[in-house]
Each structure stands twice: as structure tokens, then as C-alpha cells.
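Using our numbering, the first residue of the sequence shown is number 4, and each one after it goes up by one.
Calculated from the structure, these hints are not laboratory results. Fair warning: there could be bad hints in the mix.
To be verified - Computed list of lysine-lysine pairs in DSS-like fashion (alpha-carbon distance at most 25 Å, straight line):
hint	residue 1	residue 2
1	167	63
2	49	13
3	185	167
Predicted model only: the values in this text are computed from it and were never measured.
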Amino acid sequence: MAPSAWPPGKVLDLTRLLPGPLAGKLLLEMGFPVLKVEPPGGDPLKALAPEAYRFLNEGKEVLVLDLKAEEGRARLLGLVAEAAVFLESNRPGAMERLGLGPEALLAENPRLVYVRLRGYRDAPDPGHDLTYLAEAGLLGRFPWRAFQFADLAGAYALALAALKGLLLGGGFYEVALAEAVKSIAYPPIPFLDGSVLCYGVYRAREGEVALAALEPHLWARFCQKAGLPELVEAAFGPASPENPLYGALCAFFAQRPAQAWEAWAREEGLPLRAVR
Numbered sequence: 004m005a006p007s008a009w010p011p012g013k014v015l016d017l018t019r020l021l022p023g024p025l026a027g028k029l030l031l032e033m034g035f036p037v038l039k040v041e042p043p044g045g046d047p048l049k050a051l052a053p054e055a056y057r058f059l060n061e062g063k064e065v066l067v068l069d070l071k072a073e074e075g076r077a078r079l080l081g082l083v084a085e086a087a088v089f090l091e092s093n094r095p096g097a098m099e100r101l102g103l104g105p106e107a108l109l110a111e112n113p114r115l116v117y118v119r120l121r122g123y124r125d126a127p128d129p130g131h132d133l134t135y136l137a138e139a140g141l142l143g144r145f146p147w148r149a150f151q152f153a154d155l156a157g158a159y160a161l162a163l164a165a166l167k168g169l170l171l172g173g174g175f176y177e178v179a180l181a182e183a184v185k186s187i188a189y190p191p192i193p194f195l196d197g198s199v200l201c202y203g204v205y206r207a208r209e210g211e212v213a214l215a216a217l218e219p220h221l222w223a224r225f226c227q228k229a230g231l232p233e234l235v236e237a238a239f240g241p242a243s244p245e246n247p248l249y250g251a252l253c254a255f256f257a258q259r260p261a262q263a264w265e266a267w268a269r270e271e272g273l274p275l276r277a278v279r
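Make the full structure from the sequences, and use the hints.
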């Protein structure tokens, strides 16, 4: 086998908070060395949510540079000359004012993949996960208080743009968070909302279990192993108290703790897990 040329170089990650650093983490897990360049004040997430900061940035090298100072800008240009990917998420025009925009960095390294993360492609409007979800019509479909779905979409779009740039030999690419989340705002899929027997969350004697036996053969196997043959033809029956078969399923799960049900499901090859 021919020797691999992967990874093609280092990732310089100037992003902060959540979506950009998550993209850097994804690239790190693909094998890229990642150098996270932070301003003298650091990444605000480190103070706001230290556990999240560690999760996103563990394994990255961190370098503090003051890009408002000539020395800091010169140091960054030296790093760019040897880098493969450059990620940044500053407001539009900020890097250009520093003399570090796409034109300047690509002049330093024509094969560089410069990827900019911004809120909107054609507007300087500020935004965050909450506003992008609202605009995409997704606010009521995701637990926005606990999970930043638009930022997740943007992180994957940013990593994909970096890989596209490497395939094309370099260049400047932009990813807009508002577009990234809209591109995966698929219409709701029936029966994936816990309204049917075969797909939902059930209370166990201790804790809860998630059952996802959508396919007929998996549902039939579950019913067989659970000793509930009367449920086989009722996979998509309503998961409501008025349905006696739903009551039978609830009574079944109430017999054992969630972890015991998970151990049973693993042994029997069933799509069921305890809720953490």
C-alpha cells in the first residue's frame, strides 16, 4: 500500500464558543493536528462553561496571539504558510481590517483552505443558535434549552467545507449558520414523536427506557422475547392510556430497572437502551 498523505497539514482554528471549535474537534478526530489560536482574553466559553470548553478543545494545542499587534499578525502569517486549513468566525470585515482576510492569507499560502463561519451569508446581522432555530421553523422541534442544534449543523457544515476545499486544492469558503440549519430542516417524520407503541420512552421500575423497534422484524422479535405476542400487529397503535395494549407494555417495563432492561436487550439484540 502506498504511504498516506493524510493529514495534509495543520488546522489553525481561530473560532470561539461552540460551532467553530466543534468543527475543529471533528477535524482533530479525523487525524488533523489542530492549533487553537485564542486572543489575549481567551475563549469566552472557558469561563462560561468550562466542561464544554474542555470537551470541545481537549487534544488541541492552544496558542494566545494578539492579532491587533504587529508581532501577533506576523506570527499568524508564519503559521499560515505551513497550514492546510484556516477556520475563523469573526464578524464580516474584521479579519480584512487586520490585514488577515482571505486575499492576504491565500497570497501567503495558495493551497490554504480558508473557511469562514458567519451567521448569514448576505447580511452582517448577529445571531445565535436560538435565532437560527426560530428562523428555520425548528424552535418547537428541538430542546433548545439543553441542546444547540443549529450550532451542531454549522459545525458539520464547516468541517465539510474544509474537506471540500482540500479536495479542490485550496481557496476561500463561507458557511452561514442560518443556511446550515435550514438545509437539514426536514419535515417532521410521522411516528417518531413517541405517539406509537414501537417507538418511545417508557418508565421502568427504576429510570426509563427508550424503545425504537420501528422495523416489523425488530418489533416482532421484541414482542416474542417480551412474551407479548398480542402486540405484534399493534406496532403503530397509539401510545395513550386509552389503549389497553399500551397499558400492557407499560406494565411490562415496570417490572425491572432500566439498566436490567438494557442488559436484556443487548443479549437479545433489541433496539432498547436505558435513558441516561
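Taking the hints in turn, this is what the structure says about them:
1. At most 25 Å may separate the alpha-carbon atoms for a hinted pair to count; residue 167 and residue 63 meet this at roughly 22 Å.
2. About 23 Å separates the Cα atoms of residue 49 and residue 13, which keeps this hinted pair within 25 Å; it holds.
3. Restraint check: the Cα-Cα separation between residue 185 and residue 167 comes to about 20 Å, which is no more than 25 Å; the hinted pair holds.
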